[in-house]
Structure formats: structure tokens, C-alpha cells
Amino acid sequence: MSKNLQHIMLKRILLKNGRSSRLWASMLALLIGNTLLLLSVLIWWNFNELLYGKDQNDSLGSTFITVGKKVTNANMGNQTATLFTANDIDSVVQAVQVQSVGMITSNQFPVFAMMGGDLAFATELPLESVPDSFLEHKPEDWQWQPGSRDLPIIMSSQFLDIYNYVFAPSQGLPQLSESSVKLLALNLKVGPGEGGEVYTAHVVGFSDRISSVMAPQSFIDYGNSKYGKQKNGGVSQLILKVKDPSDIKFSKFLQRNNLTTNSQSLRWSKIRSIVEVVTTATGVLAVLLMGIGILVFILFVELTIANAKGSLILLIEIGYSPRMLSRFMIGRFIPLIIGVLATGMLIALAAQIIATHAAAAQGLVLHTVPGIPFWLALFGSAIVLLLLVVRSIGNAINKN
Amino acid sequence: MQLTLTQLIPQPLRDKLSMRPSGIWNCDLVFGVGEYVFVKAPSGTGKTTLMHILYGLRSDYDGAIRWGKLALREMTAESLAELRANQLSIVFQDMRLFPELTAWENLEIKRQLTNTISAKEMEGWLSRLGISDKRDSLARTLSYGEQQRVAIIRALLQPFKWLLMDEPFSHLDLENIDKARALIIEVIQKNNAGMILADLDEHTFFNYSQTINL
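Here the protein sequences come in this chain order: L and Y. For the first sequence, position 128 matches number 128 in our numbering, and the numbering has no gaps at all. Start counting at 1 in the second sequence, then tack on 1000, and there's your number in our numbering.
Derived from the structure by calculation, the hints contain no laboratory data.
Straight-line Cα separation of at most 30 Å, DSSO-like style, residue types lysine-lysine; simulated pairs:
| # | chain 1 | residue 1 | chain 2 | residue 2 |
| --- | --- | --- | --- | --- |
| 1 | Y | Lys1134 | L | Lys3 |
| 2 | Y | Lys1120 | L | Lys11 |
| 3 | Y | Lys1190 | L | Lys3 |
Modelling step: build the complete structure from the supplied sequences, incorporating the hints.
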């Protein structure tokens, strides 16, 4: 009870101007500034996570490009010259901007596709496979086991475009939608002449990333080992997940190693630069608001101490230590700052949860709990605000 | 804790004070533990200035003051607060109570700093000095005499080795002076402390070990 009474008495003689509107205004400015700062960090962080994160947001984020060794007059006679060796792959893995590398395996065995009915055609078909993580959407039935007669395939969207816009009109054939193509069945004859196997292939998806027809890795491996000419078939193309393909160092790397690619996707780097401008502008505004807020807050603290100057001097004269009085003042004002910071944090966390749900509706994965940059911004601003207030209290009291 | 004064002189009064002889200004003095010192100080000789300098409230003086081993001028705000809370107490001439607190709260805010005297004992002192009925009155509504008695009690609510008193009985009648004197002596003896009392005229309220003309 005694410590309580002491505090009540100290409150009565030291905090004469109570909680004025200036104090509330400064706390509101601090709250808005702090919330904006946290939100701008969150936006920046979320976007970075979408672009570079390890989650399933590949189609949005990094650019996928396929690279192959350039076929030149010098190497065109020698097929193995355009295959990637283990050393080549290592150097690509370590190149700037490259986040991951997948090997594209192509069929080393004959594949013959046939279709009956109105669309009757028969053609040799090149098949390739990439690791599943490089597919933008992995279809549900994207699997094949030896013995199974059903084979899922993914077709390049370009194939369908060529068929619909170039081939079908010229041949008087009907145009096909993606879903109707998925209903068709192709007969694939695999292997040489007599000893071949026949599969029923279904198109289960389309891809913008790869300009051929893809089959599950297990199928290509099976065919290559059973019918392949080269048992350990070389890698002719690589698929790369690239952070920023517009990086000049990356294109220099491709040139230097004689690699070709046809992808030049700069879409996301443009959006990224817009996000950076927006978050930077919000961040600057937030810091300005917080600056004004903390300035008014500190002025209020100093005004309170100036109003209590007589009492402070008398308390020191009867033996109270300046440190103890500073602690009392800090105990009065710091909880307000902590309250503001906590409220800003809760608002930002709630916004993040809402954003996570909204993004999930778009098929994007965000984290409900923000990452390190958010907490750094929170603790950084907390430390700066607390230090400024504590220092101003100490200075104001020691002036007496 | 000895009090040592070396060639002490307040800067603003230097010219004025150098013109006349003084038992303190510009002298080298040592006051031993438990001494009762009376400083006889006619108006204008710097009585309150001396008390404030000794208590560390002002530092516009030349010379040196040592409380025990501590050189007053070199002390930090924190060590000065420690000295005032535990070694050195004072009754100000102008009382210096918190006007917005009651008599009781004015005492309580001091008592709780060191908690050396119990609230019950403090209550006893209030009634000994005849101001029990004023304990819940705001200090600004008290008469000077009542304020002076509160100020005296407040000075005794801490451990101390020296008690400084600046005209402590100026607003009290003889009967009340006697009560206050008895209480002061009792607490000083309990603390094995000394006192320095400054007043305009000589009196015999305490058995002084020395009397000095300022």
C-alpha cells in the first residue's frame, strides 16, 4: 500500500496537466505512422515472398527459362557437343540470379502418336520431362508407374495455339478448347517396330514454360532405360528458376557459356519496381508521421515536467533522487508508447491475416505470421521511440 | 561524519562579506561528529545562503565543503540525493511543503523515502506538536506555525548525521518551541547526530558546543 500511496502522491504533484488532447493527437499520429510503417514493410515482404519465396507461387514469382547449348556450325555435326556435362550444370547452378536448376530429359526412344476419327493423324512425337517442382500447376493425376497403360501428358500451350490459329483453319478442321483437348485420347506407340508398347495418353494440362510435350519423369526414365540408345542419356536442355532474368550479369553468363534461351520475361520486375516505389513512399510517409508524433509526444512530456518543475525541485531537495523521479516519469509515459506500438502491431498482423486469405483465394500462398523484416521494423521503431522518450525525460529532469 | 569548511565564501556576497569579520566566511573550520553548532547571523550576513550552500542547493561559492570524505562540489546528483536521504536533513526557513498535499501526505512522501520511522510513530509526533487535527488539511491552508511544525517533523523522518535548521522556531510560541525542541533533541540523540542551527539572535534552546558569529 505504501508504494501505491507514494505513487498517488507523486502523480498528484508531478502530472498536473493530465491527458490533454495534444497527448492523444500525438499518440494517434504515432499509431498511424507506426501502422503504416509496419504495413509498408509487410507489403514489401509479402511481395518478396511471392517473388523469391520457396512456396508454391512459382508462376507469379521467378521467371522460368529453358536454356540449351547453341547449335553452331562448329558443333552441329556432333550431337554430344550440345549435351550438358556435370561441370556445365554445376556452373549454371552457381550462376547469379539462378535459384534452382532442373534437367530436361528427352526421349531416347521412338514415340509415335496416332489418333482416329475426324482428327485422324499420326506423327512422331518428341517427349520431355522436367522435375515436378518446375511445373506451374502439377495436375492431380500427374504420375505414371511401369505397367500402367494410361499416360498423362502436358502439352505446350503454343502447340494448341499453332493448331487452333494456323493448322485447323488451313485444313478445315474444328478449333479445340483446352478442356476439349483434355477429353481426347491419343494412342502412343512406344519402342521400335514389333516390340513396342501401346499407351493411351491424355492431355492433363497445358504449360507456358516448356515448348514441347511433357510426360512424367518416371515414364521417360522407363522408356530410356528400356529402349534408349544411350543408356545414360545426356541432358540437352535445362530449366532454370531465375530471380531476375533482366540482370545483366545473368545474360552475360549465358553469352559466355554459349547458352540460348527464348524467354525474356520482365513482367514481374516491372511490377516489383512499382511495389518498391509504393512501399518506399508509404515508408517515408510513415517515418514522417512517426517523427511528428514523437515530437509532439516529447513536447508533451517536457511540458509536463516543466509544469511540475517546482515539485520536482522540492522532491529532490527532500532527498528524492533524479533517477527515481525519471523512473517514475518513464513509468507514466512508456506504457503509452508500448500501447501504441502494440496496437499498430495488432492492426498489421490482422491485415496480414486478411491478406493471406485474400491471396489464398487467388491461389497464392502467403504466411499468416510475418517474417523477420516485419519484426525488425517493429523492434527498430520501438527501440528508437523508447530511447527518444527515455532520453528526453532524463534530460528534462536533470535540467532541474 | 565531520564537516570541513575551507575558505568558504559565497561569490555574490564576496565584496560585502570581506568588509567585516566573520567566524565562518573565509575561515578554515572543522565540526566534529555530534557537535551542536549555533550560528548567530544578523540579517544580511548570509545565513540562508550558508544553509543552502551546506545542503548543496547552490554552488556559487569559493572554497570547499566536505561532508565526511565527500567534497560537496564534486558530488553527482545521485550521490547528493543519497546524502540528503540518509546523512543530512534540513528544516528550511521557508518550510517548503507541497501546497497541494495534506500535512500527512507531506510527511508521508518523505517518510516513505527511507521508511526509518513508522507511520504510527509519526502520528505520535504530530500529536506531540499539537497538529494531529490538521493532518488532513492541505498544506497551503495551514498557518505558518503549523507549517513550521510539519517541516520540523519532516526533517526528522530520515536517518541523519547532521540536522541543519534555518530559523526553525520563527513562527512558534514558547510552549510549542519547547515541544519541538524536546522532539528534535530526542531524535538527534537517537541518530547520534550533530546540528547546525542558524538564527538571528542568540538563544538557549539547545546546549550548543560552539556558537559562531557569521
